[in-house]
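Protein chains in written order, with this note's numbering: chain V, 87 to 335; chain S, 87 to 335.
If you're looking for bench data, these hints aren't it; they were derived computationally from the structure. There's no promise every hint is true.
Copies of one chain are not kept apart here, so a pair can be met inside one copy or by any two copies together.
[Claimed, not checked] When the alpha-carbon atoms are kept at most 25 Å apart in a straight line, the in silico DMTMM-like pairs for lysine to aspartate or glutamate are as follows: (1) Lys133 - Glu184; (2) Lys208 - Glu114; (3) Lys203 - Glu115; (4) Lys97 - Asp138; (5) Lys97 - Glu137; (6) Lys217 - Glu110; (7) Lys97 - Glu148; (8) Lys130 - Asp101; (9) Lys260 - Glu184; (10) Lys217 - Glu184; (11) Lys97 - Glu184; (12) Lys103 - Glu292; (13) Lys129 - Glu115; (14) Lys103 - Glu124; (15) Lys203 - Glu292; (16) Lys296 - Glu194; (17) Lys103 - Glu218; (18) Lys304 - Asp262; (19) Lys130 - Glu148; (20) Lys129 - Glu110.
2 protein chains.
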Amino acid sequence: MKNHDPIRYLKNQFDFKSDFLFSELSKEEVNRIRSSFEPIRFKKGSKLFYEDGIPTGVFLIESGLTKKFKTVMGGNEQIFYIYTNGDLLGYHALLSNERYQDTCEAIEETKANFISKENFLKLLDNIPVLKENLLRNLAHEFGVLANTIGILAQKTQNVRLALFLLIVEERYRKYDHLKGGIRLSRFDLANLIGATRESLGRSLKEFKEKGLISIESKAIRITNYERLFAILKREGSNQMWLNEQNLRR
Amino acid sequence: MKNHDPIRYLKNQFDFKSDFLFSELSKEEVNRIRSSFEPIRFKKGSKLFYEDGIPTGVFLIESGLTKKFKTVMGGNEQIFYIYTNGDLLGYHALLSNERYQDTCEAIEETKANFISKENFLKLLDNIPVLKENLLRNLAHEFGVLANTIGILAQKTQNVRLALFLLIVEERYRKYDHLKGGIRLSRFDLANLIGATRESLGRSLKEFKEKGLISIESKAIRITNYERLFAILKREGSNQMWLNEQNLRR
DNA sequence: CTAAAAATGTAATAAATGTTACATTTGTAT
DNA sequence: ATACAAATGTAACATTTATTACATTTTTAG
Numbered sequence: 087m088k089n090h091d092p093i094r095y096l097k098n099q100f101d102f103k104s105d106f107l108f109s110e111l112s113k114e115e116v117n118r119i120r121s122s123f124e125p126i127r128f129k130k131g132s133k134l135f136y137e138d139g140i141p142t143g144v145f146l147i148e149s150g151l152t153k154k155f156k157t158v159m160g161g162n163e164q165i166f167y168i169y170t171n172g173d174l175l176g177y178h179a180l181l182s183n184e185r186y187q188d189t190c191e192a193i194e195e196t197k198a199n200f201i202s203k204e205n206f207l208k209l210l211d212n213i214p215v216l217k218e219n220l221l222r223n224l225a226h227e228f229g230v231l232a233n234t235i236g237i238l239a240q241k242t243q244n245v246r247l248a249l250f251l252l253i254v255e256e257r258y259r260k261y262d263h264l265k266g267g268i269r270l271s272r273f274d275l276a277n278l279i280g281a282t283r284e285s286l287g288r289s290l291k292e293f294k295e296k297g298l299i300s301i302e303s304k305a306i307r308i309t310n311y312e313r314l315f316a317i318l319k320r321e322g323s324n325q326m327w328l329n330e331q332n333l334r335r
Numbered sequence: 087m088k089n090h091d092p093i094r095y096l097k098n099q100f101d102f103k104s105d106f107l108f109s110e111l112s113k114e115e116v117n118r119i120r121s122s123f124e125p126i127r128f129k130k131g132s133k134l135f136y137e138d139g140i141p142t143g144v145f146l147i148e149s150g151l152t153k154k155f156k157t158v159m160g161g162n163e164q165i166f167y168i169y170t171n172g173d174l175l176g177y178h179a180l181l182s183n184e185r186y187q188d189t190c191e192a193i194e195e196t197k198a199n200f201i202s203k204e205n206f207l208k209l210l211d212n213i214p215v216l217k218e219n220l221l222r223n224l225a226h227e228f229g230v231l232a233n234t235i236g237i238l239a240q241k242t243q244n245v246r247l248a249l250f251l252l253i254v255e256e257r258y259r260k261y262d263h264l265k266g267g268i269r270l271s272r273f274d275l276a277n278l279i280g281a282t283r284e285s286l287g288r289s290l291k292e293f294k295e296k297g298l299i300s301i302e303s304k305a306i307r308i309t310n311y312e313r314l315f316a317i318l319k320r321e322g323s324n325q326m327w328l329n330e331q332n333l334r335r
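Whole structure, please, built from the sequences with the hints as guidance.
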C-alpha cells in the first residue's frame, strides 16, 4: 500500500515533515521547549522575517499559513514552500550563521510561538535528540528542494500546476481541514509554479473546463483526482503513478 | 569589496562550500577522520550511488567531477549540483534515514575517499565540531537550492545559461584550474539549466556569435565576463550586479 | 586503424508561455 | 453603503522554447 498511494508519495517527496522534529522527546524535554515559547501573532500580509535580515530566532506555527519566498533578481518572487500548523521555520539562517536567505510572509492570520536564537541554541545543546531530529529534517528538506527543482525545471506549466494543486491541497488540509478549499491568490499560485499570473489563469480555466477543479470566486477545489493525476502521468512514467485506486480522498 | 564582487556573490549563493566541513578541527580529529578513509576510484560514467539505493556511507572527493541529479518523472534527468575536489557527498540520505533521493555519477575520472555509514556516524558522535559544521552546511545548502529554484523557475533560458556558465566555470577552476575550459557535455549542460539539448545549442551559438564565449570542440570558455553578466543584469536588478569593475578573472 | 555508436550542430515548424491591454469582480476603508 | 483600490478573467499577439529531422563531428570498441 505504501508505495501505491500517490498522495503519500507526494507527501514524502514534497513535504518537509517538520512536525516530526519534536518526536521522541521526553515529556520533560517538551516542557523545556514550551517554556521558551513567546506567543506572537501575524496578520495577513505581515512578515515573520525578511531576506537579508539578521536572524533572531525560530518560529513554531500554531495555526496559520505562511509563504516562504526568494526575491529573484528582476523583482519577481519565487515561493518555494508553504508552511502551516506545526511547522518550524527560521532555523536555516540561524544555523548557517548567515542572514535570512528568504522572506516569510503570513498569507493567512498566523499564530506562532517564537523561540529566541539564544534559547533555541541552548535547547539544541541540551536536548541531543532535538539536534538529531533537526539534522535529519535538514537532510530530508534537501531532497524536497531537489524534487522541486526537477519539477520546475523540466515540467510544463500544466503538470506543475496539477502537482502543486495536489501538494497545496494537503497543506490546506492541515491548515483548516480544507474547509474553504485552496484560497491562494492567483499571484501566489503563479509564483509557486513559476508562471505568470495570466498564463496560470489559462491553465486554471482549462482545468476547470475539463472538470478537474472547481472555482468559486477565489477558492479552488479539486473535483477529480484521477484525472488530475492523469496529467502528471501523461508526461511522467514513474512507479509512483501506477495505481489510481486509492487516490480518492 | 565583499558585496561588490559578483563572482563572490555567486559563490555564496550557489556553492555548497562543503570543503568548509573540516574547518576548525584539531589535528588529531582530522587524523581520526583520515583513518576511516577507504580510497575508491570511479571511471567516467560510473555511479557513486543510485536513486532509491540504500545508503552505505559518504564520499569525500579528492579529485574529479561528479554530477548529482534526479530522474524526473518522464525520464529526463535534472542536475542540481556538480561536485568536485574537496566536496563531501552522500550524507543526506544517510542522515535522513531515507534511501538515496538522487543519483551521483562521475563525469570525469574521480578519486574519492569513502567513509562507511558506521564510521561516519561514529565520527559525528565523537567530534562535536564536525556535527556542528555539518548542521551549518546543511542549513547553507538549503539556501543554495532555494536560489536554484528561483533561477530555474523564473529566468529565461539565456539568463539561466549565463548564470550556470559562471557557476560551472568556478567549479572547473577548482577541479583543474580551468585548464581545458568547461567540458560539460551538451546533454549535461542542458539538464543543468533545464532546457533541451537543441535549445541549449541555439543559446550557445548566440553567445558565441556575440563574443561572450568561445567554443573549441567541446570546451567552452568565457571570453567576456562583463557582457555575460550584462545578460543577468538586463533581467535582474539586484544590488549584486552593481559594480562591474572586479569581475575580470 | 577502422567501423559503429554517440554526441553535436543546425534549421524548420509546432507548441507553450509571456506580454500587453482592458473588462470585471472582489475586497477595503471611510 | 459607497467609492476606490486591488485582484482576477480574458483575449490577441509576440516571443521563447520544444520537437522533429537530419548532417556532421567526435568518441569508443574491436
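A quick look at each hint next to the structure:
no. : hint            : verdict
1   : Lys133 - Glu184 : within (19 Å within a copy, 33 Å between copies)
2   : Lys208 - Glu114 : within (15 Å within a copy, 27 Å between copies)
3   : Lys203 - Glu115 : within (18 Å within a copy, 29 Å between copies)
4   : Lys97 - Asp138  : between (30 Å within a copy, 16 Å between copies)
5   : Lys97 - Glu137  : between (27 Å within a copy, 18 Å between copies)
6   : Lys217 - Glu110 : both (12 Å within a copy, 20 Å between copies)
7   : Lys97 - Glu148  : within (20 Å within a copy, 36 Å between copies)
8   : Lys130 - Asp101 : within (23 Å within a copy, 34 Å between copies)
9   : Lys260 - Glu184 : between (31 Å within a copy, 24 Å between copies)
10  : Lys217 - Glu184 : both (19 Å within a copy, 18 Å between copies)
11  : Lys97 - Glu184  : between (29 Å within a copy, 14 Å between copies)
12  : Lys103 - Glu292 : neither (32 Å within a copy, 44 Å between copies)
13  : Lys129 - Glu115 : neither (31 Å within a copy, 49 Å between copies)
14  : Lys103 - Glu124 : within (23 Å within a copy, 34 Å between copies)
15  : Lys203 - Glu292 : neither (47 Å within a copy, 49 Å between copies)
16  : Lys296 - Glu194 : neither (30 Å within a copy, 48 Å between copies)
17  : Lys103 - Glu218 : both (14 Å within a copy, 22 Å between copies)
18  : Lys304 - Asp262 : within (16 Å within a copy, 54 Å between copies)
19  : Lys130 - Glu148 : within (15 Å within a copy, 50 Å between copies)
20  : Lys129 - Glu110 : neither (33 Å within a copy, 43 Å between copies)
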